[in-house]
Amino acid sequence: MSRLLLILALAALVAAFFLFDLDNQLTLEALKQHQADIAGFKADNPWLLAGAFFVFYVLVTALSLPGAAIMTLAAGALFGLWQGFVLVSFASTIGATLAFLVSRFLLQDAVQRRFGDKLKAINAGVARDGAFYLFSLRLVPVFPFFLINILMALTPIRATTFYWVSQLGMVAGTLVYVNAGTQLAAIDSLGGILSPGLLLSFALLGIFPFIARALVRVFQRRRVYRSWTRPRHFDRNLIVIGAGAAGLVSAYIAAAVKAKVTLVEAHKMGGDCLNTGCVPSKALIRSAKLAHQIKHADHYGLEAGAPAFSFKAVMARIHEVIRKIEPHDSIERYTKLGVEVLTGYGRLVDPWTVEIALNDGSIRRLTARSIIIAAGARPLVPELPGLERVGYLTSDTLWDEFAKREQPPRRLLVLGGGPIGCELAQSFARLGSEVTQVELADRLMAREDSDVSRLVESALTHDGVRVLTGHTALRFERRDGRKLMVAEHQGHEVEIEFDDLLLALGRGARLQGYGLEQLGIQTNRTVQTNDYLETLYPNIYAAGDVAGPYQFTHTAAHMAWYATVNALFGNLKRFRVDYSVIPWATFVAPEVARVGLNEQEAREKGIAYEVTRYGLDDLDRAIADGSDEGFIKVLTVPGKDKILGVTIAGEHAGDLIAEYVLAMKQGLGLNKILGTIHIYPTLSEANKYAAGEWKRAHAPERLLSWVGSYHDWRRGKQAGHRMQSGDDARKEVSR
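The opening position of the sequence shown corresponds to residue 1 in full-length UniProt numbering, with each subsequent residue numbered one higher.
Be careful, since some hints might not be right.
As the list claims (entries may be wrong) - Ranges between beta-carbon positions, derived for each pair:
1. A304 to E383: 42 to 48 Å
2. A403 to A697: 49 to 55 Å
3. A304 to E493: 38 to 44 Å
4. D360 to A446: 52 to 58 Å
5. G667 to H233: 24 to 30 Å
To be verified - DSSO-like, lysine-lysine: derived pairs with alpha carbons at most 30 Å apart:
6. K324 to K289
7. K605 to K483
8. K120 to K605
9. K268 to K282
10. K312 to K483
11. K312 to K260
12. K295 to K260
In case anyone wonders, no lab produced these hints; they're calculated from the structure. Just so it is clear, the structure is predicted and the values come from calculations on it, not from any experiment. Cβ atoms here follow ideal geometry from the backbone N, Cα and C, with glycine treated the same way.
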């Protein structure tokens, strides 16, 4: 009942505000128009006017009504700088606190009950640092004033904290606005607009957000570093921990701009991509593809046969490919570039010091102005009963283990239906292994659209992979010399026998052993960073798989640029990392590549879209190559050619997607792709034809009808008596 009465009272006050046309009175024009009358009233009743102004300001802010900014200017115009500042400072804070209390009374319980689970992280952050967050918002108002009042009330922040932080946080902004109001009061003619005082006031309004941001950053740094003693001098400009894709790019950029940089790596240069990930898997895929083509040579008019090969030779070739690429990422190369490379484990001792346990057993400590953590990720290993007893391989360990064998694994069980699992399952099946792939979800590659999943599953099944989706692994057993996995499917237990087990359940960031816990750097599956890739400490950055959100070599390199430039030049200019156009590919056959949104993501986010689809079975080059399986699917803004996302499933999809990546990055639409010459006959023509499908679906029918009438007139025919349809015309020609 009390809530209902409060709502009715608030509604009545808001209605009265608009009913009495007060919103039109709170404008700059109205203020100038009534300035003389108000000044006369003030001369006779100074305290009455001040009191009325104060109460009205409180009501406007408490009810979240429009006009607070104009009233702040009016305070300067009517009462001068200091009296106006005092009135506004207290009135705005009291009004904001009243709005806060009303919002808390009416909404907090309901919101927390409904969204409590989703708000846990926000509640914890506000409970810990709510005063700082609020101070930042007051000093640099990212959100409208009234939204801050309402939304902060839904969090656990105390009302007293809200009041005093708001009072302090709005001091600078209030001073600037009230001072601008004093100058507005001095304008008597057009010449007054160019008065130095007024220009200074507006200049302050323009630069205040930048000054406020700088003040917030200084305050934040002092708060974060207060427990540490900063070195007076630094040994290095930058220390990079980890020599994978992100670490190598970071060190390369730092050396290129003549910074003194040390790169620390405990294992192998090049990280997972070179040694256990992208490079060896693509070498394996190439060999498996050739074996598949030999087996199906009749598809190309040749005689098919069973491919004869040495599995050991296949694995030896993979290691030879790694050796050929190694010099690109070697210690020797980076040393020549000007990077100091140390082999050992780096651990943060304080925000500027890294202790390095070198592989030769010695310990070395170095200080640096900035540090980048690029430790990468490792395969996830589930805690399942019996797993250690049966033994397992991961994408990290299979290369060395299988290199010792003369034959491919006879019965291979792949646990996981993501990109890594699908690539390896198909490759080993093509090389003759009996592969069973088990996935918890109801389809493979669950991040992609369902039509992509169906295509991939069909391709893997055609190559001999036994795909079991909707199966939950329960335990592993050894029974009479046999290895078994027991899984649950539709309420029943299923036993799957295997010789080798490959875990392909994704990768988790390497977070332990780097001193993150001791420094209080937050981790939640990945190292937590802001938009500039800064951790809790503004001089410590994270890039690549250890920071997420994408675990790709190319995004690691992309992030490394931002982390390095911000680390070395952030005192001059900082750059927010840009994730707006991130492409990726899964190298199954047919390949799957994507950039931007797909349909299921667009639906989840409530984004309106149109779909244009082009089948590769219509493309001349794909038909000639015998690779006409797949499609291009483009999502666009309804009625426009702006690209929201593209999915390509087909031969060389990872290469074809590049044109769309460029288009999205540069803001080019499908019309531009359609108007670009593509060589015939190539697979890249598919991109042009997909754009043509969009154009055909958005043809201006009315305009074309008029154009047809014009052509009829040009031939001497009357409008409305159009010649026969295109199909009929073609029949006439054939006769």
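| request: For the pair supplied as a hint, K312 and K483, confirm whether the alpha-carbon distance does not exceed 30 Å. | output: holds, 24 Å
| query | Does the Cβ pair D360, A446 satisfy 52 to 58 Å? | reply | violated, 46 Å
| request: Given the hint that K312 pairs with K260, test it: the Cα-Cα distance must not exceed 30 Å. | output: violated, 44 Å
| query | CB of A304 to CB of E383, is that within 42 to 48 Å? | reply | Because 45 Å falls inside the window, the suggested range holds.
| said: Hint check: K120 vs K605, CA-CA at most 30 Å. Holds or violated? | reply: holds, 21 Å
| query | Does K268 pair with K282 here, judged by a C-alpha cut-off of 30 Å? | reply | Roughly 19 Å separates the two Cα atoms, so the pair holds.
| message | Please check whether A403 and A697 have a Cβ separation lying inside 49 to 55 Å. | response | holds, 52 Å
| query | Within a Cα-Cα threshold of 30 Å, do K605 and K483 meet the stated pairing? | reply | violated, 44 Å
| field | Holds or violated: K295 to K260, with C-alpha atoms at most 30 Å apart | value | violated, 55 Å
| field | E493 and A304 - C-beta distance against the hinted 38 to 44 Å | value | holds, 40 Å
| field | Given hint K289 paired with K324 - CA-CA distance at most 30 Å | value | Cα-Cα ~21 Å, so holds.
| query | Can the suggested window of 24 to 30 Å be confirmed for the beta-carbon pair G667 and H233? | reply | At roughly 46 Å between Cβ atoms, H233 and G667 fall outside 24 to 30 Å, so the hint is violated.
Violated hints for the displayed structure, listed by number in ascending order: 4, 5, 7, 11 and 12.
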